[in-house]
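Asker: Here is how the chains run, residue by residue.
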Amino acid sequence: MDQAAGRIPVAAAPVGRPSRARRTGGALLLSPAVILLLVWSLVPLAMTLWYSVRRYNLVDPTQVGFAGLGNYWYLLTDPDFLTALLNTAILVGGVLVITVGLGTLLAVLFDQSFPGRGIARVLVISPFFVMPTVSALLWKNLMLHPIYGVYSAMMRAVGLTPVDWLSRYPLATLVMIVSWEWLPFAILILLTAIQSLDAEQKEAARMDGAGPLAQFRYIILPHLSRAITVVIMIETIFLLAVFAEISVTTAGGPGVASTNLAFLIYSRALLQFDVGGASAGGVVAIVIANIVAAFLLRAVARNLEA
Amino acid sequence: MTRKRARLRRIAIGGAAWAVALWVFFPILWMVLTGFKTEPDAISTPPHLIFHPTLSSYREVFARETYWHFALNSVAISVLASIAAILLSIPAAYAMAFLPGRRTRGTLLWMLSTRMLPPVGVLVPIYLLARGMGLLDSRTGLVVIYTLTNLPIMVWMLYTFFREVPIPILEAGRMDGATRWQEITQVLLPLALPGIASTGLLSMILCWNEAFWSLNLTSSAAAPLPTFIASFSSPEGLFFAKLSAASTLAVAPILVFGWLSQKQLVRGLTFGAVK
Chain B
1 MDQAAGRIPV AAAPVGRPSR ARRTGGALLL SPAVILLLVW SLVPLAMTLW
51 YSVRRYNLVD PTQVGFAGLG NYWYLLTDPD FLTALLNTAI LVGGVLVITV
101 GLGTLLAVLF DQSFPGRGIA RVLVISPFFV MPTVSALLWK NLMLHPIYGV
151 YSAMMRAVGL TPVDWLSRYP LATLVMIVSW EWLPFAILIL LTAIQSLDAE
201 QKEAARMDGA GPLAQFRYII LPHLSRAITV VIMIETIFLL AVFAEISVTT
251 AGGPGVASTN LAFLIYSRAL LQFDVGGASA GGVVAIVIAN IVAAFLLRAV
301 ARNLEA
Chain E
1 MTRKRARLRR IAIGGAAWAV ALWVFFPILW MVLTGFKTEP DAISTPPHLI
51 FHPTLSSYRE VFARETYWHF ALNSVAISVL ASIAAILLSI PAAYAMAFLP
101 GRRTRGTLLW MLSTRMLPPV GVLVPIYLLA RGMGLLDSRT GLVVIYTLTN
151 LPIMVWMLYT FFREVPIPIL EAGRMDGATR WQEITQVLLP LALPGIASTG
201 LLSMILCWNE AFWSLNLTSS AAAPLPTFIA SFSSPEGLFF AKLSAASTLA
251 VAPILVFGWL SQKQLVRGLT FGAVK
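Just so you know, the sequences run in chain order B and E.
Per the working numbering, residue 1 is the first one in the first sequence, and the count goes up by one each step.
Per the working numbering, residue 1 is the first one in the second sequence, and the count goes up by one each step.
Worth flagging that the hints you see were computed from the coordinates, not collected in a lab.
Incorrect hints may have been included.
Heads up, simulated SDA-like pairs for lysine to any residue below, C-alpha to C-alpha not over 20 Å straight-line [unchecked claim]:
(1) B:K202 - E:H48
(2) B:K202 - E:I13
(3) E:K263 - B:S113
(4) B:K202 - B:L105
Okay, chain B solo, but in the shape it has when bound (with noise of 0.2 Å):
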């Protein structure tokens, strides 16, 4: 009986709550998930944590003790590491606006009715599922390798010079590759929650004589406010971690051009062997995302009340 009444809301004041033996049960059946994930997320934390005020190096035995601040002074001062954080900057920013801008207004384009809209939305939404290292090779190979690429030869095609855009322009083309990875995300959500708008309230605004442009920016975009915040931040924590598109295009070069927060911590651990350099690289990225993380969690809870 009193289920039904401590089902609806999760966080429903405690009226008609399970019995205290009932309650005893459901802490057992959550504890394996509950301890494991405990184990899981506070162990390896505490290790960083240690290791990034250690001076310890997995190929130089003479490195040990205790560093203190050392190795947050040393990443700091380091132009590599500011390098980096910019790059980070610019590729999460960069990915974002082109995703979520495009995302929302082919996610309204979509919305349409027109004819194969299913088999159209099915190819737009696809490179979503393709692995990252399959999606950085396709770039970097099929589409815009200077000489072989689809793209070079388009452009010869059109009377201009290839680029070798790479190496040019190496994290611009990052961001190009990467936003082609999530713009099917922003479309996905987007168009679910545009989906999901009144269709007597978009009738009714039409009747009352609101143009395109009126519908969009009075009932869409606010309809779509919620689902933008809900894409910005999921987005945002993938985004920070970026890795395997960098490591299997550019290397993180030349020099450390396209090296965002992710890949020099990987350089500093697993190439110059640096285990208290790169971990407070690492307890730095745990900061932000969990800035970022903050935000989203407040998002979701939000909607557990609803």
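Position chain E relative to chain B; hints supplied.
Answerer: Chain E in isolation, oriented as in the chain B frame:
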């Protein structure tokens, strides 16, 4: 007059939408086509739109590149990690959906927050732990990591599905004297089977495409397809036809999964925040 304008508008919209769809899909289409070319055809300039299709690249991928080794790793890792995560998340989601307490909401949100930990933040400890336990380049290592990284999303997704199961049905079972085990296995699971299936599908997709841990923790013996494809980033990647054939094989199954489960994916990927 207005009907004619409406038709024109429909044609314009359809044309624009199809142009966008084809442009976005073009790289994938080109990859599939290139996989059926010979190597000289694949790098001919200007590119040949019309060519004599051949399976030679596929034959080579199967023969020389031991494609099956990597594909089997991908299948084994994805399936095992998905099964493990489902087995762990069913009881957790059940407890949260049907036996909620004061802390349920907080626990759910905390679980999600663990998913938001950037993998690179814990790269060093995980790498050292894996090395210490002999789990570098092992399938077990990836199965454990994938199970744990996907667990929060799966608990969340199953929770939203379980909450749609009508309580009176479960209660009826309990009245008939069903134990909790029977209630879950014989009443709840059959009812929630479609939800469980799409949760498993999402897990398969995420595991199959995961490219941070697989690149950093595996090299050959346990390497799944993302690592295998990354090996083409060396000059060998200039064998366009072979790269394309291998990539097509790596992408095709998950592309089909994705097409089949678009709707449920939205739910899982946005943690139910967009319906």
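Asker: Give a verdict on every hint.
Answerer: Checked hints:
no. : hint            : verdict
1   : B:K202 - E:H48  : violated (47 Å)
2   : B:K202 - E:I13  : holds (18 Å)
3   : E:K263 - B:S113 : holds (19 Å)
4   : B:K202 - B:L105 : holds (17 Å)
In summary, the one numbered hint that this structure violates is 1.
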